[in-house]
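Number of protein chains: 2
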Amino acid sequence: MELIASFQQYIEQHQLFKKQDRLLLAVSGGLDSAVLCYLCHTLQYDITIAHCNFNLRGAESDADEAFVMKLAQQLHVPIFVKHFNTLAIAAQQKKSIETTARELRYQWFTELLQQSKLNDVTPLKYILTAHHANDNVETVVMQFFRGTGIDGLTGIAQKQPQLIRPLLFATRKELTQFAQDNNIAFVTDSSNASNDYTRNYFRNDIIPSIEKVYAAATNNVLHNIERMQDVAFIYHQFIQNVLNKICQPNGDAVHIAVNQLKAMKPLASIVYEMCKPYNFTAAQTIEVIKLLESDTGKYVLSSTHRILKNRNWLIIAPLQPATMAHHVIEEADKTVVFSNKKLLLQHIEPTNFEISNDKNIACVDAKNIVYPLLLRKWKQGDYFYPLGLPKQKKISRFLIDQKVSMIDKENVLVIESNKKIIWVVGHRIDDRFKVTGSTKYILKLHLVDC
Amino acid sequence: MELIASFQQYIEQHQLFKKQDRLLLAVSGGLDSAVLCYLCHTLQYDITIAHCNFNLRGAESDADEAFVMKLAQQLHVPIFVKHFNTLAIAAQQKKSIETTARELRYQWFTELLQQSKLNDVTPLKYILTAHHANDNVETVVMQFFRGTGIDGLTGIAQKQPQLIRPLLFATRKELTQFAQDNNIAFVTDSSNASNDYTRNYFRNDIIPSIEKVYAAATNNVLHNIERMQDVAFIYHQFIQNVLNKICQPNGDAVHIAVNQLKAMKPLASIVYEMCKPYNFTAAQTIEVIKLLESDTGKYVLSSTHRILKNRNWLIIAPLQPATMAHHVIEEADKTVVFSNKKLLLQHIEPTNFEISNDKNIACVDAKNIVYPLLLRKWKQGDYFYPLGLPKQKKISRFLIDQKVSMIDKENVLVIESNKKIIWVVGHRIDDRFKVTGSTKYILKLHLVDC
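If you read the sequences in order, they're chains X and Y.
Once you know that position 364 of the first sequence is 363 in numbering that gives the first Met the number 0, the rest is easy, because the numbers rise by one and skip nothing.
Once you know that position 263 of the second sequence is 262 in numbering that gives the first Met the number 0, the rest is easy, because the numbers rise by one and skip nothing.
Among the hints, a few may not be true.
[Said to hold, decoys possible] Computed list of lysine-lysine pairs in DSSO-like fashion (alpha-carbon distance at most 30 Å, straight line):
1) X:Lys418 x X:Lys358
2) Y:Lys172 x X:Lys211
3) X:Lys264 x Y:Lys18
Keep in mind the hints are simulated off the structure, nothing from the lab.
Turn these sequences into a full structure, and let the hints guide you.
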């Protein structure tokens, strides 16, 4: 009965949950979850069972379901059962069966909690899973060889906001012994040896091979996990302090003084953690460090953000949404809406023409316009004939001369007609399209906020 | 020739050594050290070879020696060779052959550097060994399963005060390829497969098994090592700051305010690092944490130190040297020397007797003294009849009433005659042995510093 006392102590010591909390137990019917049921029931916690039938093993899946149903009946506890067409969903989502099953499981458990919040006087508060110490060791060992920062060595979280693993303190051997001593029935998943190939390879092959030379390897890794949790706590506290010091929020962007960052130690980890929230990878850390010595204008991209070197600053800013990429404008279009702006198009006669000082208004001779027009961001290599200048000029050069800031430069738009730029939006029209004395029709373009 | 450039870059980037430094290369003649020789020679570093013949493989050992001698000759570099009777020394020191060989090797290299400092105008500055990236991975993986703190995951040090490993950047595969491309000869140690059983098991069995599922495992662990070096830097900086705050040196001892320590996070790691310099083990951390809630007087021992709970303080203090345990004093002894004090014994006649205020002098009636006397520390259960008091008193109680501090209490000595305590040294004689009007001979005891 020692395991019951350890279970109780573990729950209290880590304040996992309280006597009055309603608990949703994920029960496959296997050894681990059967023991978890028994422990919770013995200690009179308020439990409800949830069982997923993934329909992956035909009659066996149904037998497991029947077993868990009967268990709930015997313990007089409520039960939820759900069937999943796992194979079809996996095929449809192009994911592995294990990933699909895991996602379906946690999604459904979360739904059950949400429903309970709406319907029950005392709603279900936590999901409990039966992960144990050996699961934890396997996870950490796999992470170690897959490559990981310190967080990967801290193991499975014992408590997340809605999810608790109260068996992490116990080894598989202890659970097996306990089930035997207390005649706890459980089902044996015939697919255990194939379900998750890599995990089973570590469980049944690699770790036992290591235990041949280091008999205490599993315990040693468990002890490492405890120590690495402390180390990770220290690491994140340190990094957070540094980032609070050096990162200056600026609208959507974050500005970092290059000299201040360069003086920080250890640089690689600080840069890595600084960039991670913006979806940069560990491998990009070295590129970002190179930026510190780069010329203005160099940048590194993630899927969502750009880190730009601008003189003495690094600027982390979101990429423009993809919808901004290109807008095709037909002759009949009067309005083009994009992100938070719109472009109004109007044909007017020269008699109604007034010169405007509004930078967001451009008037061009309609004669030379070929449809469709293209509204897009400027790009390297673009050039035009700026109004009032006798020769063509690269837009990159033009924007520098206009003293447009690095960040604003990113967002400059152009309107193109037959591969000629007619307007650098908000800045200057092209000399070739200017309104002259012989203009018969004028196209008026007006950029306004939505 | 890429490896040469990487070698040079690695040396410069980590400031391992300079062109003018004289380097002592540890050369077994195997692949790794042969390549190291070649690289250093090609880049015209000032090298001297040191070769250990451990006489473990008969003719093969001698053939290796001859090979390295010839290599030195071809490269025109100086060489030192030394023979060791490894088996005999290992047997004598009761150590494994690998440990013995390693210790002999580094000991001799260090001697060569010291000799050079005395004899040479430009002395040998660093010892170089040919450890490479795979050695590093093996070391870290073994540490991981043996159980380790963060330091065990930072790998082999590339630079220690006298010792440099300039090949840690290169993999075994790269070195093999380079040797092949450049026709570099080397010897193959036939005992490689048995020399260090555990290391070879990881090299030839465990790591290749892991690479079957994680092909990049070796590179991933190398990358972990880099990241963990940063993490360890942060960890130690944090711990040092905390310890500077909470540890108050006090003579030989260190005092720590219990309430201040208890408020620190993460407690386990802070306590572990606080105790480690005093030879406490990781497993004792939990005992020391329990002391925080214990009664005054409880303590935890290491081989050299004691951590004592004394009201609101933890006191870490060295144990008394073992030589202090017991001193047997014969009638003829005039002086007893122990640690840094001595006890002088003198028989005097009452006519020469003067009452002294010196606490370190005691005069007792010689009549009741039975030899040998015993000089020892007091222990729990000891009692005596304090001079001037009518009844016996426990020494523990006596010392409390005398307001002797916890730490001083540890060190209080008594002199015992026929199981009776005649003097609580420095405090009070026993009433039963006091000098009276009828005393014929006096024993004068005098404690003095050496």
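Consistency of the hints with the structure:
no. : hint                : in the structure
1   : X:Lys418 x X:Lys358 : holds, 23 Å
2   : Y:Lys172 x X:Lys211 : holds, 28 Å
3   : X:Lys264 x Y:Lys18  : holds, 28 Å
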